[in-house]
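Visitor: Residue numbers (this note's numbering), protein chains in the order written: chain A, 33 to 371; chain B, 549 to 703.
It should be emphasised that the hints constitute simulated quantities derived from the structure, not laboratory data. Hints are not guaranteed to be accurate.
Said to hold, decoys possible - Keeping only pairs whose Cα atoms sit at most 30 Å apart, straight-line, the calculated BS3-like set for lysine-lysine is: (1) A:Lys329 <-> A:Lys126; (2) A:Lys171 <-> A:Lys40; (3) A:Lys306 <-> A:Lys173; (4) A:Lys126 <-> B:Lys564; (5) A:Lys121 <-> A:Lys303; (6) A:Lys171 <-> A:Lys329; (7) B:Lys639 <-> A:Lys306; (8) A:Lys306 <-> A:Lys40; (9) B:Lys639 <-> B:Lys564; (10) A:Lys80 <-> B:Lys564; (11) A:Lys126 <-> B:Lys639; (12) A:Lys171 <-> B:Lys639; (13) B:Lys564 <-> A:Lys303; (14) A:Lys173 <-> A:Lys126; (15) A:Lys303 <-> B:Lys639; (16) A:Lys121 <-> A:Lys80; (17) A:Lys173 <-> A:Lys329; (18) A:Lys329 <-> A:Lys40; (19) A:Lys121 <-> B:Lys639; (20) A:Lys126 <-> A:Lys171.
Said to hold, decoys possible - Under 10 Å between C-beta atoms, here's a sample of chain B residues computed to sit facing chain A: (21) Gln582; (22) Trp612; (23) Gln653; (24) Asp656.
To be verified - Chain B regions said to be covered by chain A (calculated; three or more residues, Cβ under 8 Å): (25) 563-573; (26) 589-600; (27) 618-632.
These numbers come from a predicted model, not from an experiment. The C-beta atom is built at its ideal place from N, Cα and C for all residues, glycine as well.
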Amino acid sequence: MTSDYVNKLNTAIDRLIDSTYNKTMDGFADEFMEIGGAPQLDLGPPHKTHVKDDSPIRPFLRDLTNRMFDHWRQLPEPQGIRDLSAKTKTARDKLCTTDALKMEDAAGSVGGGPLIPGYMADVRQDLSEWRGATTSAVKSKVVNRFPAALFLQANTLSVMKLSLDAYAIVIEQAQGDVVDMVNHAAEAVDAIDCWGGDDGKNAVFNIFTGALGLVGVFNGIKTAVQLVSAVTSGGAGVAKDVIKLDDPESNPLGAGRISGVWSNLMQAEFKLVKKFSASEGHIYDVLNSYYWELENKINITHGPDNSEYETDSAANVIRLLAPSGISPGGVKPPLSHTH
Amino acid sequence: MTGEMSGVELGGELNKLRTAARVELPRMADEYHQIAADLSGTAGTTAFHRPEDYFGPRVVDYSWSRLRDLVWNASDNTAATLVGVGSLLGKALDDFVAHDAEAAQRLDVYRNEAQNDSTTSNDEYTGQPSTTNPPAWSLPTDDHQARPGGPPRAS
Numbered sequence: 033m034t035s036d037y038v039n040k041l042n043t044a045i046d047r048l049i050d051s052t053y054n055k056t057m058d059g060f061a062d063e064f065m066e067i068g069g070a071p072q073l074d075l076g077p078p079h080k081t082h083v084k085d086d087s088p089i090r091p092f093l094r095d096l097t098n099r100m101f102d103h104w105r106q107l108p109e110p111q112g113i114r115d116l117s118a119k120t121k122t123a124r125d126k127l128c129t130t131d132a133l134k135m136e137d138a139a140g141s142v143g144g145g146p147l148i149p150g151y152m153a154d155v156r157q158d159l160s161e162w163r164g165a166t167t168s169a170v171k172s173k174v175v176n177r178f179p180a181a182l183f184l185q186a187n188t189l190s191v192m193k194l195s196l197d198a199y200a201i202v203i204e205q206a207q208g209d210v211v212d213m214v215n216h217a218a219e220a221v222d223a224i225d226c227w228g229g230d231d232g233k234n235a236v237f238n239i240f241t242g243a244l245g246l247v248g249v250f251n252g253i254k255t256a257v258q259l260v261s262a263v264t265s266g267g268a269g270v271a272k273d274v275i276k277l278d279d280p281e282s283n284p285l286g287a288g289r290i291s292g293v294w295s296n297l298m299q300a301e302f303k304l305v306k307k308f309s310a311s312e313g314h315i316y317d318v319l320n321s322y323y324w325e326l327e328n329k330i331n332i333t334h335g336p337d338n339s340e341y342e343t344d345s346a347a348n349v350i351r352l353l354a355p356s357g358i359s360p361g362g363v364k365p366p367l368s369h370t371h
Numbered sequence: 549m550t551g552e553m554s555g556v557e558l559g560g561e562l563n564k565l566r567t568a569a570r571v572e573l574p575r576m577a578d579e580y581h582q583i584a585a586d587l588s589g590t591a592g593t594t595a596f597h598r599p600e601d602y603f604g605p606r607v608v609d610y611s612w613s614r615l616r617d618l619v620w621n622a623s624d625n626t627a628a629t630l631v632g633v634g635s636l637l638g639k640a641l642d643d644f645v646a647h648d649a650e651a652a653q654r655l656d657v658y659r660n661e662a663q664n665d666s667t668t669s670n671d672e673y674t675g676q677p678s679t680t681n682p683p684a685w686s687l688p689t690d691d692h693q694a695r696p697g698g699p700p701r702a703s
């Protein structure tokens with residue numbers, strides 16, 4: 033099924049082709065033939081502007097636009113990305129139903145929706161009086177480490193979800209920008225002075241404008257908190273304070289000629305590819321930085337008053353590794369209260 | 549001076565040990581198995597696909613999937629740890645029951661109260677893990693002991 037976005041893009045492309053064809057037939061065939069790779073048309077009187085055979089015009093424009101925009105038709109579907117986000121949230125919600133951005137928040141979610149934290153709190157209670165080397169190892173390596181593992185697991189899933197949500201927004205903005213860009217180009221062709229004069233040739237139609245909506249959503253964002261801010265605040269889901277717009281090209285070269293509009297369109301399309309890739313790069317930076325953060329050592333506090341702590345890499349803690357060398361014989365009964 | 553619990557007094561603590569070993573830890577493991585299943589459902593997705601000739605390598609796909617694999621692997625490891633610890637504590641429980649008839653009798657009382665019947669076919673009391681698809685209970689102490697089926701740990 034063709035997406036709504038692809039339909040809009042195809043409609044805009046059809047409109048651009050129609051505009052270019054009409055303007056070419058209206059006496060601007062020389063400008064059409066200046067488009068890179070355009071076929072040379074056989075012109076006749078009056079004034080050598082009449083196109084004797086219009087058959088090469090549309091096929092050329094169709095082929096050109098296919099080469100320029102086929103890859104834009106193949107952008108990821110935002111809904112597909114949001115489906116992944118929903119699956120990630122489903123997994124995350126089994127651990128913690130809030131964005132566990134602080135370790136104490138995750139550990140403190142006992143009694144909330146998810147079952148896992150409550151179970152481990154019960155395990156802690158049920159084993160509290162049992163003794164022996166095995167019991168001590170289980171308490172130390174599993175029970176006491178669990179809040180840190182839970183935090184890291186939940187937080188990682190939160191970062192993954194937020195990144196997907198942001199990526200969906202980036203894609204939607206790119207889609208909007210591509211469609212706007214092509215529509216602007218069609219408007220620019222339509223507005224070309226029908227007398228071919230210089231006045232107004234650098235008219236208001238700056239097709240670069242369409243490319244400016246796509247910006248680095250993640251510029252400057254280094255933490256999950258900033259990530260949340262970036263995707264939830266501001267117009268169109270973009271945080272204004274982390275966006276730095278490129279200056280628009282105020283006077284696009286040759287925007288008053290058919291060939292100039294097409295040249296600008298090609299440049300704008302190239303620029304848009306770069307911007308989309310850069311936005312993807314920002315999301316990559318967030319995810320990659322987070323991944324390597326997990327190589328860092330973290331402190332795990334335990335003991336009755338959190339006075340004791342041990343240090344291990346987050347990549348180890350997140351996996352809740354079992355203690356080694358333990359056996360059933362290392363489980364000793366509690367001390368009697370009655371003797 | 550106090551000695552180790554035994555007899556009726558131990559029966560109460562055995563019930564706690566039983567609950568941890570055969571109820572809480574397996575149920576936690578079940579939850580982690582479900583998390584792993586949730587994440588496995590995102591493997592092999594084509595949602596990120598777009599022409600690499602124009603937009604470059606799929607860096608979001610790569611970096612996101614790497615984190616997904618890490619949490620998936622962590623979920624599998626955590627589940628295996630919980631199942632393994634539960635099994636080990638369950639074996640310890642069986643040893644105490646076998647060697648202390650009075651404590652075992654007291655544990656039966658708790659069982660009957662909890663179940664409101666006296667059948668011995670209940671999973672929690674026969675020591676059968678409640679997981680529907682339990683892994684072989686080996687304790688994963690490093691990457692090489694991760695359960696089969698999970699993703700490789702990205703290096």
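Visitor: Look at each hint and say if it fits the structure.
Guide: So, going through the hints one by one against the coordinates:
1. A:Lys329 <-> A:Lys126: holds, 26 Å
2. A:Lys171 <-> A:Lys40: Outside the cut-off at roughly 60 Å; violated.
3. A:Lys306 <-> A:Lys173: With a Cα-Cα distance of about 48 Å, the restraint between Lys306 of chain A and Lys173 of chain A is violated, given a limit of 30 Å.
4. A:Lys126 <-> B:Lys564: holds, 25 Å
5. A:Lys121 <-> A:Lys303: violated, 34 Å
6. A:Lys171 <-> A:Lys329: This hinted pair holds, its Cα atoms lying about 21 Å apart.
7. B:Lys639 <-> A:Lys306: Violated - the C-alpha atoms of Lys306 of chain A and Lys639 of chain B are around 61 Å apart, more than 30 Å.
8. A:Lys306 <-> A:Lys40: holds, 22 Å
9. B:Lys639 <-> B:Lys564: Holds, at about 14 Å.
10. A:Lys80 <-> B:Lys564: violated, 99 Å
11. A:Lys126 <-> B:Lys639: OK: Lys126 of chain A and Lys639 of chain B at ~29 Å, within 30 Å.
12. A:Lys171 <-> B:Lys639: holds, 17 Å
13. B:Lys564 <-> A:Lys303: Violated - the C-alpha atoms of Lys303 of chain A and Lys564 of chain B are around 66 Å apart, more than 30 Å.
14. A:Lys173 <-> A:Lys126: holds, 22 Å
15. A:Lys303 <-> B:Lys639: Between Lys303 of chain A and Lys639 of chain B the Cα gap is close to 66 Å, so the pair fails against 30 Å, i.e. violated.
16. A:Lys121 <-> A:Lys80: Violated, at roughly 66 Å.
17. A:Lys173 <-> A:Lys329: holds, 16 Å
18. A:Lys329 <-> A:Lys40: violated, 50 Å
19. A:Lys121 <-> B:Lys639: Violated, at about 36 Å.
20. A:Lys126 <-> A:Lys171: holds, 23 Å
21. Gln582: holds, 6 Å
22. Trp612: Holds: closest Cβ of chain A sits about 6 Å from Trp612 of chain B, inside 10 Å.
23. Gln653: violated, 16 Å
24. Asp656: Check failed: Cβ of Asp656 of chain B comes no nearer than 18 Å to chain A, outside 10 Å.
25. 563-573: holds (count 6)
26. 589-600: With 9 residues in contact (Cβ-Cβ under 8 Å with chain A), the coverage given for the segment 589-600 of chain B holds.
27. 618-632: holds (count 11)
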